[in-house]
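Enquirer: Sequences listed follow chains A and B, in order. Counting in our numbering, the first sequence runs without a single skipped number right up to 551 at its last residue. Counting in our numbering, the second sequence runs without a single skipped number right up to 731 at its last residue.
These are calculated hints, taken from the structure and not from any lab test. Quick caveat, the model's predicted, so the values are computed rather than measured. For every residue, glycine included, the Cβ atom is placed at its ideal position computed from N, Cα and C. Please note: incorrect hints may appear among the correct ones.
Said to hold, decoys possible - Cut-off 16 Å, straight-line C-alpha distance, at most; resulting in silico cross-link-like pairs (EDC-like, lysine to aspartate or glutamate): (1) A/K116 to A/E135; (2) B/K706 to A/D400; (3) A/K501 to A/D129; (4) B/K706 to A/D396; (5) A/K501 to A/D204; (6) A/K116 to A/D350; (7) B/K706 to A/E237; (8) B/K631 to A/E135; (9) B/K631 to B/E668; (10) A/K233 to A/E251; (11) B/K631 to A/E56; (12) B/K706 to B/E553; (13) B/K706 to B/E612; (14) A/K116 to A/D129; (15) A/K116 to A/E159.
Claimed, not checked - Negatives, chain A to chain B, calculated, CB over 10 Å: (16) D16; (17) D39; (18) R48; (19) G256; (20) E545.
As the list claims (entries may be wrong) - Label pairs and their in silico Cβ distance ranges: (21) A/S268 to B/I636: 56 to 66 Å; (22) B/Q667 to A/Y88: 35 to 45 Å; (23) A/Q146 to B/R628: 31 to 41 Å; (24) B/A726 to A/I474: 49 to 59 Å; (25) B/I636 to A/G269: 32 to 42 Å; (26) A/T434 to B/D661: 48 to 58 Å; (27) B/I636 to A/Q60: 17 to 27 Å.
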Amino acid sequence: MSQNSTADRRPSSDADVCVVGSGVAGALVAYTLSSRGHDVVILEAGQRFDPGNRLEQMEQSLRPHGSLLDIWNMGGPRDQYVTSGGAYYPLNQTRVKAVGGTTLHWLGITPRLHQKDFEMNTRYGLAADWPIDYEDLRPYYAAAEQEMGVAGTQDNPFEPPRETDYPMDAFPASYSDTLFADACDELEITMHSTPQARNSEAYDGRSQCVGFSTCIPVCPSGAKYSADVHVRKAEAEGARVIDRAPVQRIEHDSTGETVDAAVYATPSGDTYRQDADAFVLACGAVETPRLLLLSESPQYPDGLANSSGAVGRYFMDQPIVSVTGELEQPTNQEPIGYHTRESHQFYDHDDPQPGSVKLVFENVNPESVVRPMLSGGDMTSRENVFDFAMGDSWGDEVLDKIESNYPNNRVRLLANPELLPRRENRVTLDESKTDDFGNPVPDVSWNIGSHARETMEFIREVQYDIFDELGATIVSETDLADPPPASHKMGTTRMGTNPEKSVVTPQLRTHDLDNLYIASSSVFVTGGAMNPTLTIAALALKAGEHIDNAL
Amino acid sequence: MELTRRDALYALVMGGGIGVSGVAYADRKAAENEGIENESGFSTDQLQTVVAIAEVVYPTEVTGIAAFVKQYVTGLRPEKQASLIPVIDAFSAHVREIHDRPFWELSISDRQVALQELGVDRMSPDPTGTLPERVRYHLINQLLYGLFTAPKGSKLVGIENPVGYPGGYQSYQTAPDVTE
Ligand SMILES: Cc1cc2nc3c(=O)[nH]c(=O)nc-3n(C[C@H](O)[C@H](O)[C@H](O)COP(=O)(O)OP(=O)(O)OC[C@H]3O[C@@H](n4cnc5c(N)ncnc54)[C@H](O)[C@@H]3O)c2cc1C
Ligand code: SF4
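Between the sequences and the hints, there should be enough to build the whole structure, so can you do that?
Expert: So, in structure tokens, the structure goes:
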């Protein structure tokens, strides 16, 4: 099924809606519309992975062979890119192109944005306000939590108002969370549970989390939500998925007001046109603007739906700030693939600076010993999982190395600061390099502005304070000058009411074309410091409703 | 630390059943299999070769290797077993040519030397590569994977529920056992 290159990939006739991309955004739009009786076809660039192979993929991820990117077939000629900003952006490590999209590989943390994130300009004179506010999105947040299956508990005093309980109880604190508790009490830092799209009990026909501890890159039990769940639900409602069908361009009618077709390629070398009444781009925050830019025409010389010139602009992600410390006592933490406690205390700031930041109590000890055992004692860790240098010992020798390299007394704090949208942080086309279809590749230009830098410095101090109070010795920390991104890509086709400054309306329809919608974090006006995917899901459900009304 | 066939079934849980039901299945299977000898596609020679490799690459603290390894490799999925067999045969033929004896008849230190002479310790694992690369991938690393994703094996490094074993949900909440 997955690599089938002879499947029927001819277009559907009489499709009501063509959804491009089958990540969580595309899957939820497709499910919403197909369950309301519309004929939906999904065009997905990547392949379909058989859920029956997830254990094997897990083994592949634990064995030191090949690259982690191979597990979901990320990278290669299809996924060529360049990065030209002040900070390097490792694009292929932040996305999966396959049925289910990046949620096949994600961690699954699902907080809501806070009210302030929608009102950055009104409150602080920074960035821009969203054209909708938290209250507009609130019912969709609740629906998204139900759809994905979010475990959480209302113990977070900083959380924005909510009307319903989480569908499942939160995960209990890890042992290492409890080690932070006294220090945080002393410093008056409130720890609380972490909402996550992971089953703390059996939910929606999927297993409870059993603790394989390999959530990134793959959950073998199905306890972690991934969007292929809603792709299958959409199919059960009659939707059709055409995999390995990268859309090359979107074509409009002679007036330039309506999209006619999505032109896609197939593995057999054919090119087809999929017609539909409405089109939804759900290709993530890099491929969505890229596809619009690739679809330029005489009416839209700067790219489809780009009369504002905003397509590709305001690209955002959140840099990671992390500190690891050693305690004198053993932490003896048994592995689990996710964290269970956070603090949103530093989120709703009064002054413009420092900005919002989310503090995370990470589970670190001990890391997987399978990989170093199998690498002949080569100590790879989660930070450098792309390093596959081989050691040359086994047996007792490796055991000794591991015992001395994995002191069982480590704790770690992580944080994501907000990064403000900046016009010059953007996705453009680089004509000098092409993908496997000869299309110019995306160039991601990412710079970390002073607002995020000040916020990073602020939270690093908080992290130091906690470690001081704990009596921990710091053993490593991420470089504030060169932080890795959290893989939370946002911006690039922003939402707004002014067609001269934004790409989509509050109903997620492009200003320029009557039947072209966008479901993606690309429509975010600001990114906040929360993980984006629950908001992507909420917006997808909202888009689905608007399209249903328009059809 | 003594390994048993039951431990091998625990190691196989991640290759088959899921979670608690998988563990229960492993327990039941272990009871059913008590006393049953090799019913797999492996010959006795092939199994002896694999056991002899495990005796080199497993830490010396580990005992009960033969029972564990036989149960483990014969319990692997049929495709996996099928991928092991040609590598075992090629490796055995190579050793016989040089040492004039089957691998398992060599002393542990000679076996270590035989693996080193072939370059297995210096090569990266590759399922379709050269003989040493394939030995490293299909035999050595598969055996180490079985040991270190099973609770008993990973206890050697102080972990009750290793990454890759479906039993971590309770254990991540528990405090260290300072008596150990
Ligand atoms: C390691 C990691 C951990 C993460 N952890 C979290 C987390 O804990 N919480 C959180 O909120 N977020 C997390 N994220 C981010 C999260 O995964 C993404 O925000 C989310 O999955 C994006 O969903 P999407 O549907 O918008 O895009 P995607 O999932 O990227 O889907 C886009 C789809 O469109 C397809 N596509 C692209 N171009 C075309 C084309 N031309 N034609 C046809 N199809 C096309 C792609 O193949 C892909 O399948 C994480 C990401 C990574 C990489
Ligand atoms: S720990 Fe992660 S990988 Fe394992 S079952 Fe739970 S969610 Fe899935």
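Enquirer: Next pair to validate is A/K116 with A/D350; report whether the Cα-Cα distance is within 16 Å.
Expert: Judged against 16 Å, a Cα distance of about 10 Å means the pair holds.
Enquirer: Given the range 56 to 66 Å, decide if the beta-carbon distance of A/S268 to B/I636 lies inside it.
Expert: Violated, since A/S268 and B/I636 (Cβ atoms, about 36 Å apart) do not stay within the stated range.
Enquirer: Straight-line Cα separation of A/K116 and A/E135 no greater than 16 Å?
Expert: holds (12 Å)
Enquirer: Can you confirm whether the C-alpha distance between A/K233 and A/E251 stays at or below 16 Å?
Expert: violated (29 Å)
Enquirer: Compare the distance between the alpha carbons of B/K706 and A/D396 with 16 Å, and conclude whether the hinted pair is satisfied.
Expert: At roughly 14 Å apart (the allowed maximum being 16 Å), A/D396 and B/K706 satisfy the hint.
Enquirer: Take the C-beta atom of B/I636 and the C-beta atom of A/G269, compute their distance, and say whether it sits inside 32 to 42 Å.
Expert: With Cβ atoms ~38 Å apart, the hint holds.
Enquirer: For the hint 35 to 45 Å, verify it against the beta carbon of B/Q667 and that of A/Y88.
Expert: holds (40 Å)
Enquirer: Return holds or violated for the Cβ distance of A/Q146 and B/R628 against the range 31 to 41 Å.
Expert: holds (36 Å)
Enquirer: Mind checking the alpha carbons of B/K706 and B/E612 for me, to see if they're no more than 16 Å apart?
Expert: The given pair, whose Cα atoms are some 11 Å apart, holds under the 16 Å limit.
Enquirer: Can you tell me whether the CB distance of B/I636 to A/Q60 sits inside 17 to 27 Å?
Expert: Roughly 21 Å apart at Cβ, these two residues keep to the hinted range, so it holds.
Enquirer: Can you let me know if the beta-carbon spacing of A/T434 and B/D661 is within 48 to 58 Å?
Expert: Between A/T434 and B/D661, where Cβ atoms are some 55 Å apart, the hint holds.
Enquirer: Is the claim that A/R48 lies outside the interface with chain B correct, judged by CB distances over 10 Å?
Expert: At about 20 Å from chain B, A/R48 clears the 10 Å cut-off, so the statement holds.
Hint compliance for this structure: hints 5, 7, 8, 9, 10, 21 and 24 are broken, all remaining hints hold.
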